[in-house]
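Trainee: Sequence:
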Amino acid sequence: MTYADLANALRSAMEKQDTVAIENTVTEFQPADLAEFLRHESTDVCLKVLAHLALTERAEIFGYLPMSLQFEIAEEMTIEGLAQLLSSMESDERADLFNMMSEERQTSVLKRMAKEEREDLRRMASYAEGTVGAIMTSNYCSVPELSSVEQALERVRKTAPDAETIYQIYVLDMQHRLVGTLSLRELILTKPSAAISSIMTTELITLGPNEAQENAAKCISRYDLLAVPVVDEHARLVGIVTYDDAMDIAEAEATEDILKSGSIGDLEGSFRDASGFTLYKKRIFWLLLLVFANIFTAAGIAIYEDTISKYAVLVFFMPLLIGSAGNAGSQASTLMVRGLGTGDVQMSDWFKLFSRELAIALALGCTMALAVSMIGAFRGGPDIALIVALSMVAVVMMGSLLGLSLPFVLKKVGLDPATASAPLVATIADAAGILVYFAIATAILGL
964 MTYADLANAL RSAMEKQDTV AIENTVTEFQ PADLAEFLRH ESTDVCLKVL AHLALTERAE
1024 IFGYLPMSLQ FEIAEEMTIE GLAQLLSSME SDERADLFNM MSEERQTSVL KRMAKEERED
1084 LRRMASYAEG TVGAIMTSNY CSVPELSSVE QALERVRKTA PDAETIYQIY VLDMQHRLVG
1144 TLSLRELILT KPSAAISSIM TTELITLGPN EAQENAAKCI SRYDLLAVPV VDEHARLVGI
1204 VTYDDAMDIA EAEATEDILK SGSIGDLEGS FRDASGFTLY KKRIFWLLLL VFANIFTAAG
1264 IAIYEDTISK YAVLVFFMPL LIGSAGNAGS QASTLMVRGL GTGDVQMSDW FKLFSRELAI
1324 ALALGCTMAL AVSMIGAFRG GPDIALIVAL SMVAVVMMGS LLGLSLPFVL KKVGLDPATA
1384 SAPLVATIAD AAGILVYFAI ATAILGL
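Here the sequence shown stands for residues 964 to 1410, where the numbers follow our numbering.
Please note that a few of the clues may not be correct.
Said to hold, decoys possible - Straight line, CA to CA, 30 Å or less: simulated DSBU-like cross-link-like pairs of lysine-lysine: (1) 1375 to 1245; (2) 979 to 1011; (3) 1244 to 1315; (4) 1074 to 1011; (5) 1245 to 1315; (6) 1315 to 1273; (7) 1315 to 1181; (8) 1078 to 1181; (9) 1074 to 1244; (10) 1154 to 1078; (11) 979 to 1181.
To be verified - The following label-pair restraints were derived from C-beta to C-beta distances: (12) 1207 to 1077: 47 to 55 Å; (13) 1311 to 1268: 42 to 50 Å; (14) 1345 to 1215: 53 to 61 Å; (15) 1130 to 964: 30 to 38 Å; (16) 1265 to 1185: 50 to 58 Å; (17) 1268 to 1314: 36 to 44 Å; (18) 1073 to 1178: 29 to 37 Å; (19) 1038 to 1110: 42 to 50 Å; (20) 1319 to 1198: 41 to 49 Å.
Source of the hints: derived by calculation from the structure; they are not laboratory data.
Computed from a predicted model, the values in this text were never measured in an experiment.
Where is the CB? At the ideal position from N, CA and C, for every residue including glycine.
Build the full structure now, drawing on both the sequences and the hints.
Mentor: Quick look at the structure:
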């Protein structure tokens, strides 16, 4: 059955309150698909559906739900039921949910959890949002340094059911310090009597729990890892960040950059679930700022009122020229922001890239000038054609170099380069383009 068929069948069973049909239908869903179904339902429906699942299945599906919906459902659950759910969830996911609860509810839940789980939850929840510690999981497979392959395999069999991944195994010494890693493949193919220390890899790639979370995504991508270990200041293993978590980080970072490129504040949660007031707040600041920034464009026009009054034909080319400046700047800033975000571009590359952009912008400007000069000649004669052509070259070069340089400047002063959004670059280029256009016109026309 397709997802749509299953969704319709489950809604029908819910309406008829057919317990048997509900239980049979929910088992047909893939966990991610059932979570997608619940995203569009009320909290009461979510609770009823989840009640028909085993605790482990409930915890898995819960992890696919948006945090806002997780919190709403958790608030309606009993303390005992919530404690059981948290105990079955992945360590990083339950820490996120735990941090959203009130202090009173946190205390009540912790009292009903086993000591080991309680201590793990407190530790995982203590890391600041946006750090590696906040996204890592403590569910990993580890083996003692002094064990044999046979002993290590037996330990992996016991810990595998609760582990996030078993394909990468971590070797620890007596002080719980990470001394090596090995793959499950290596463990299986090696003689049972061999020592783990003889087959493990000691060249380790690790992260600290207080590093920025995007470092985990970059590290996993750069070194093609399934997971990256996280160690404290004493080299003790405290958790791992897996590939799927890194993908989530990369998606979140890309979304944040895209929103900033449109001069929109970071949205917490999905666009579909955001309230109208939230979207208003995220957009109004930059819109107001850009409105007042456009006053400089109007001021530039006011300065050259005499020129405009004598040569009204110049007004015809204003949108064309300032639009070209903004478009060129937006293209350059988009390329640069993305390059800085992925690590493809470093601060030391500025001069090289500036020189290259100078040549590219000149070529773009000349090509566009050739195209519009014919229109200029048709509308106003050779003088207007010359003015439009020279202005096009100037504004395209100015916009391109501004779009390339502004992200560098922002990063240099410690700000997010993505703040150099297309609307901001276009607004600055518009104001400067007007001044350049009419200054060239005034000079050529002898006004």
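Trainee: Verify the CB-CB distance for residue 1319 and residue 1198 against the hinted window 41 to 49 Å.
Mentor: Cβ of residue 1319 to Cβ of residue 1198: about 43 Å, so the range 41 to 49 Å holds.
Trainee: For the pair residue 1345 and residue 1215, does the Cβ-Cβ distance stay inside 53 to 61 Å?
Mentor: holds (55 Å)
Trainee: What's the verdict on residue 1245 and residue 1315, does the C-alpha distance respect the 30 Å limit or exceed it?
Mentor: violated (36 Å)
Trainee: Quickly compare the C-alpha distance for residue 979 and residue 1181 to 30 Å and report which way the hint goes.
Mentor: violated (50 Å)
Trainee: Would you check the hint for residue 1375 and residue 1245, treating anything up to 30 Å between C-alpha atoms as holding?
Mentor: holds (25 Å)
Trainee: Mind checking the alpha carbons of residue 1315 and residue 1273 for me, to see if they're no more than 30 Å apart?
Mentor: Not OK: residue 1315 and residue 1273 at ~44 Å, beyond 30 Å, violated.
Trainee: Quick one, are residue 1154 and residue 1078 close enough, alpha carbons at most 30 Å?
Mentor: violated (38 Å)
Trainee: Go ahead and decide if the range 29 to 37 Å is satisfied by the Cβ distance of residue 1073 to residue 1178.
Mentor: 30 Å Cβ-Cβ, so the 29 to 37 Å window holds.
Trainee: Sort out whether residue 1181 lies within 30 Å of residue 1315, counting only the CA atoms.
Mentor: holds (24 Å)
Trainee: Between the alpha carbons of residue 979 and residue 1011, is the straight-line distance 30 Å or under?
Mentor: It holds: about 13 Å lies between the C-alpha atoms, which stays within 30 Å.
Trainee: Has the given pair, residue 1078 with residue 1181, been kept, meaning a C-alpha gap of at most 30 Å?
Mentor: This hinted pair is violated, its Cα atoms lying about 35 Å apart.
Trainee: Compare the distance between the alpha carbons of residue 1074 and residue 1244 with 30 Å, and conclude whether the hinted pair is satisfied.
Mentor: Answer violated: residue 1074 to residue 1244 is near 39 Å, above 30 Å.
Going down the numbered hints, you'll see the structure goes against 3, 5, 6, 8, 9, 10, 11, 12, while the others check out.
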